[in-house]
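**Student:** Those sequence lines, one after another, are chains P and W. Just so we're aligned: 115 in our numbering is position 111 of the first sequence, and the numbers increase by one with no gaps anywhere. Just so we're aligned: 48 in our numbering is position 44 of the second sequence, and the numbers increase by one with no gaps anywhere.
It should be emphasised that the hints constitute simulated quantities derived from the structure, not laboratory data. Fair warning: this is a prediction, and the values are worked out from it, not measured in the lab. Hints should not be assumed to be uniformly reliable.
Copies of the same chain look alike in the list, so a pair counts if it fits in one copy or across any two.
What the hints assert, rightly or not - 25 Å max Cα-Cα, derived SDA-like pairs, lysine to any residue:
hint : residue 1 : residue 2
1    : K186      : E40
2    : K9        : A96
3    : K9        : L65
4    : K218      : S25
5    : K9        : R75
6    : K9        : R50
7    : K9        : N99
8    : K186      : R140
2 protein chains.
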Amino acid sequence: MPELKVLAFDVFGTVVDWYGSIAREAMAAPVGLSAEAAQAFALAWREGYRPAMQRVRSGELGWTRIDDLHRMILDGILPRFALEHLTEAERAALNLAWHRLDPWPDAPAGLLALRRRFQVCTLSNGNLSLLADLARNGDLRWDLILSAEVFRHYKPDPQTYLGVADVFGLEPSQVMLVAAHKDDLRAAAACGLRTAYIERPLEFGADGVARGVKDLSRSPDIDFHATDFLDLARQLECSP
Amino acid sequence: MPELKVLAFDVFGTVVDWYGSIAREAMAAPVGLSAEAAQAFALAWREGYRPAMQRVRSGELGWTRIDDLHRMILDGILPRFALEHLTEAERAALNLAWHRLDPWPDAPAGLLALRRRFQVCTLSNGNLSLLADLARNGDLRWDLILSAEVFRHYKPDPQTYLGVADVFGLEPSQVMLVAAHKDDLRAAAACGLRTAYIERPLEFGADGVARGVKDLSRSPDIDFHATDFLDLARQLECSP
């Protein structure tokens, strides 16, 4: 087995807490939703994400960045939350909430530990400027920010996973995808990448596991199972 | 005039010292050239760079990364330095000298200062993995590493300069190219970017100015003229 060299990280949900961050912005001015409505708003915005990307993956839409997909979804859900009164400028500013997502608490230090032994990069469907803003805001020390925008394909298209190996001049098995989503990991494994699952039990809110939208079980087809990045660093024997 | 937001940096010669770094590696084992021959070797390797990229820009070669262009040039110049004896493994290792170029002494601190006020990114013809290695080795804190590899065009093609503005969702005039080469800056200006010239008098060795291969004169068509990144940070009123 060739030596593992690069860890490629899914970002939304794996590195940053989109649910808590979007809900927080939806409670603040000018949106001003209740806590309960703000959580529903975060879920509704995120629920539009896969169908929107599918329209790009199928060719129905030409290449469209996540920033623009997020805005299309936002405009679609505003009536459901009685937010049609938001101005164009307010909508544009709210859409950038995805550039301000907070990292999970272990993420900055966990990445630093993992970076002592491996190159660490993103492999996200988020666009490059969004990922650059998250890195700056969260003090995330990537060796390289890679995005669907570089490959002009969204995950789980194979061009994204194989693209990481190609950029680094490596075999797919020298790259490991790190993600909180098993479908992403299985698509990477089908391309020959190694895989590490991170639990992130709060990704869909405090009751995500109870509601059955978050599955923390161990899966024998996934190479590593870790509670967070520091746990993964221990399992990969990165010096603290 | 819209507000300046992003500084995009040329890398070879502007951020890192390719001449001194390549000459140093050419003096060490297994190459083992004299100081004089090692300097000629660095210049010869670099001289092949523009013609090789031109073959890609003209369409004679399909998209080819700088790593592969560097290797083609290397194989071509080895006989001139009586280095045909280098093995395949030694040539491959030597080719990666371009991933180990040292930053100019002011570069890490200068970038940190500039980063307090602007987003800083690369815009280099170097490939992504090369730029990621330079960033790690030199502790260069980029917000984003952008490369000809992302745009599938080499500078001075307009797609590269305009590509930076597009990635950040900005007008071209909100981006400034920072480079030690006036032809690069003029191509950026033709696309509407602002421009900052950095002197780098040692780029072609201690006698580069005397030999006339390095021109440090002020040019009225270039917006800023700085001795180094710290000087540029002062001129752009970045807090120290």
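**Student:** Please go over all the hints and tell whether each is borne out by the structure.
**Tutor:** Hint by hint, here is what the structure shows:
1. K186 with E40: This pair counts as neither: shortest intra-copy Cα distance 28 Å, inter-copy 57 Å.
2. K9 with A96: between (39 Å within a copy, 18 Å between copies)
3. K9 with L65: neither (35 Å within a copy, 30 Å between copies)
4. K218 with S25: Within one copy, since 18 Å is at most 25 Å while 51 Å is not.
5. K9 with R75: Between copies only: 22 Å across chains, 36 Å inside a chain, cut-off 25 Å.
6. K9 with R50: neither (32 Å within a copy, 29 Å between copies)
7. K9 with N99: Close across copies (19 Å), not inside one copy (35 Å); limit 25 Å.
8. K186 with R140: Answer is neither; intra-copy 27 Å and inter-copy 31 Å both fail.
In this structure, the hints that do not hold are numbers 1, 3, 6 and 8, in rising order.
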